[in-house]
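Q: Chain by chain, the residues run as shown.
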Amino acid sequence: MDITFMFETMKTLLAALPMTLALFSLSVFFGGLLALLIVWMRVSGNTTARNFAKGYIFVFRGSPLLIQMFLIFYGLGQFGFIRYSFLWPALREPFVCAVLSLALCTAGYTAEIFRFGLRAIPAKEIEAARSVGMSGFLLTRRILAPVAFRHALPAYSTEVVMMVKSTALASLVTVWEVTGVAQRLISQTYRTMEVFLCAAAIYLILNFLILQAMALLEYKLTPHRRAAPLFPVPQR
Amino acid sequence: MALFQLIGFGPTGWGGLLLLAALMTLCVTAVALLIGAILGSLVAWAKLSGSRILRTLGGTYTTVFRGVPELLIIYLVYFGGSSAVTAIGTAMGYEGFLGLPSFAAGALAVGIISGAYQAEVFRGAYLAIPKGELEAAQAIGMNRSLRFRRIIGPQVFRFAIPGIGNVWQLSLKDSALVSVTGLADLMRTSQVAAGSTRQHFLFFIVGGCLYLILTSFSDRLFTSAEKRANRSMPTSLGQA
Numbered sequence: 001m002d003i004t005f006m007f008e009t010m011k012t013l014l015a016a017l018p019m020t021l022a023l024f025s026l027s028v029f030f031g032g033l034l035a036l037l038i039v040w041m042r043v044s045g046n047t048t049a050r051n052f053a054k055g056y057i058f059v060f061r062g063s064p065l066l067i068q069m070f071l072i073f074y075g076l077g078q079f080g081f082i083r084y085s086f087l088w089p090a091l092r093e094p095f096v097c098a099v100l101s102l103a104l105c106t107a108g109y110t111a112e113i114f115r116f117g118l119r120a121i122p123a124k125e126i127e128a129a130r131s132v133g134m135s136g137f138l139l140t141r142r143i144l145a146p147v148a149f150r151h152a153l154p155a156y157s158t159e160v161v162m163m164v165k166s167t168a169l170a171s172l173v174t175v176w177e178v179t180g181v182a183q184r185l186i187s188q189t190y191r192t193m194e195v196f197l198c199a200a201a202i203y204l205i206l207n208f209l210i211l212q213a214m215a216l217l218e219y220k221l222t223p224h225r226r227a228a229p230l231f232p233v234p235q236r
Numbered sequence: 001m002a003l004f005q006l007i008g009f010g011p012t013g014w015g016g017l018l019l020l021a022a023l024m025t026l027c028v029t030a031v032a033l034l035i036g037a038i039l040g041s042l043v044a045w046a047k048l049s050g051s052r053i054l055r056t057l058g059g060t061y062t063t064v065f066r067g068v069p070e071l072l073i074i075y076l077v078y079f080g081g082s083s084a085v086t087a088i089g090t091a092m093g094y095e096g097f098l099g100l101p102s103f104a105a106g107a108l109a110v111g112i113i114s115g116a117y118q119a120e121v122f123r124g125a126y127l128a129i130p131k132g133e134l135e136a137a138q139a140i141g142m143n144r145s146l147r148f149r150r151i152i153g154p155q156v157f158r159f160a161i162p163g164i165g166n167v168w169q170l171s172l173k174d175s176a177l178v179s180v181t182g183l184a185d186l187m188r189t190s191q192v193a194a195g196s197t198r199q200h201f202l203f204f205i206v207g208g209c210l211y212l213i214l215t216s217f218s219d220r221l222f223t224s225a226e227k228r229a230n231r232s233m234p235t236s237l238g239q240a
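One line per chain: the protein sequences are A and B, in this order.
Under full-length UniProt numbering, the residue at position 108 of the first sequence is numbered 108, and the numbers go up by one with no gaps.
Under full-length UniProt numbering, the residue at position 26 of the second sequence is numbered 26, and the numbers go up by one with no gaps.
Calculated from the structure, these hints are not laboratory results.
Mixed in with the good hints, there may be bad ones.
Claimed, not checked - Covered stretches of chain A (chain B as the covering partner; in silico rule of three or more C-beta atoms under 8 Å from a C-beta of chain B): (1) 63–71; (2) 190–200.
Unchecked claim - Partial pick of chain B residues on the chain A-facing surface, computed with a CB cut under 7 Å: (3) A128; (4) L212; (5) T215.
All residues carry an ideal CB built from backbone N, CA and C; glycine is no exception.
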């Protein structure tokens with residue numbers, strides 16, 4: 001082990017960290033929004049919408065992310081109507097393609113997680129809300145969304161960690177994030193172990209911080225599951 | 001029609017190669033699952049053991065290999081394995097670079113990753129065995145190996161089937177990343193076909209469909225295996 005080499009490697013890899021974070025945050029944000037749309041279609045009464053959502057979830061969860069990313073990156077440019085459309089300046093960029101495919105893929109997984117969250121809501125709570133006259137958006141805002149999100153949170157934090165790992169695939173469509181830079185360093189220096197340890201440390205710390213944040217969020221959102229304080233809190 | 005010729009089985013068609021590649025993907029995943037089962041049961045045993053050192057080692061293994069991108073682990077095994085093989089070759093008097101075969105590197109890398117997930121599956125399955133059954137087995141004087149063979153083994157296997165099914169699906173999708181080492185799996189073959197015919201969209205769609213067939217077919221298989229393993233159990237929650 002060569003400390004100066006490790007230090008230099010760490011510096012080079014950390015320079016690529018903003019790219020990983022950008023890929024991660026954009027794809028989780030857009031994937032989350034898309035997942036809300038998909039899960040809304042999935043639980044709706046409309047058969048066409050429901051079947052579309054089922055098909056979407058099946059396709060994006062059943063095939064590898066890499067093939068989806070290549071399909072978007074290499075496949076779309078083959079069609080003239082896309083190449084001459086106003087979207088092309090964006091779709092030509094590897095970064096946009098990477099975020100697009102990451103978001104589309106995570107939306108499939110996240111929609112299923114949110115659906116299980118919805119299914120975990122006791123029927124009694126929905127009936128009670130309906131009986132006091134809540135319906136539609138009010139019911140969703142006050143009862144369905146908060147309770148479902150709380151139930152879905154543990155599974156969702158696993159999915160978020162999966163997304164951190166998935167950003168590594170963007171290096172295969174020439175977006176230089178941490179794994180891509182690590183691969184380049186390995187092939188330049190042939191010091192696999194040192195570079196791997198540095199990159200692994202970055203990802204492990206990142207995932208640890210994300211899981212801690214999610215655990216904190218879960219703690220904040222579930223005050224009813226904590227034990228009541230032994231002594232009554234003095235009221236002012 | 002020209003498009004159908006490209007994915008057909010004729011002299012200019014890629015159909016045969018794609019099917020062969022799908023078989024290769026299945027082989028890599030199956031070998032990886034086997035390696036993962038061996039590693040996973042060792043790690044699960046370490047995590048459940050009384051020794052603190054073993055528990056820490058097992059915990060580190062599962063944290064590292066579940067928290068680091070799969071692609072990075074594949075690079076580690078492929079490049080690291082190749083330099084190790086080269087070092088052994090040099091020690092035995094062979095000059096020059098020796099590469100680790102991409103099948104072995106890929107199966108080992110995906111196996112190491114799936115081992116981390118399988119360790120958790122096995123640990124959960126072991127903890128699902130009612131304590132009373134283990135105590136009863138001990139009480140009537142079964143020794144360790146008999147207890148494992150008669151009580152622990154069969155039940156862990158039964159409880160683990162759904163989890164193993166999930167790990168299989170994960171490994172099937174992770175095996176697509178092995179294509180970066182040049183192994184002619186489904187991903188790599190679709191890529192080569194797409195590049196040489198300039199029909200990227202067509203071949204990635206076909207490759208994706210083949211992956212969908214593999215995942216949905218194996219999903220069926222695991223569901224029926226689960227039903228079969230539970231055929232003598234009273235149905236409880238989570239079953240239709």
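Q: Failing hints, ascending?
A: Number 3 - this is the single hint that the structure violates.
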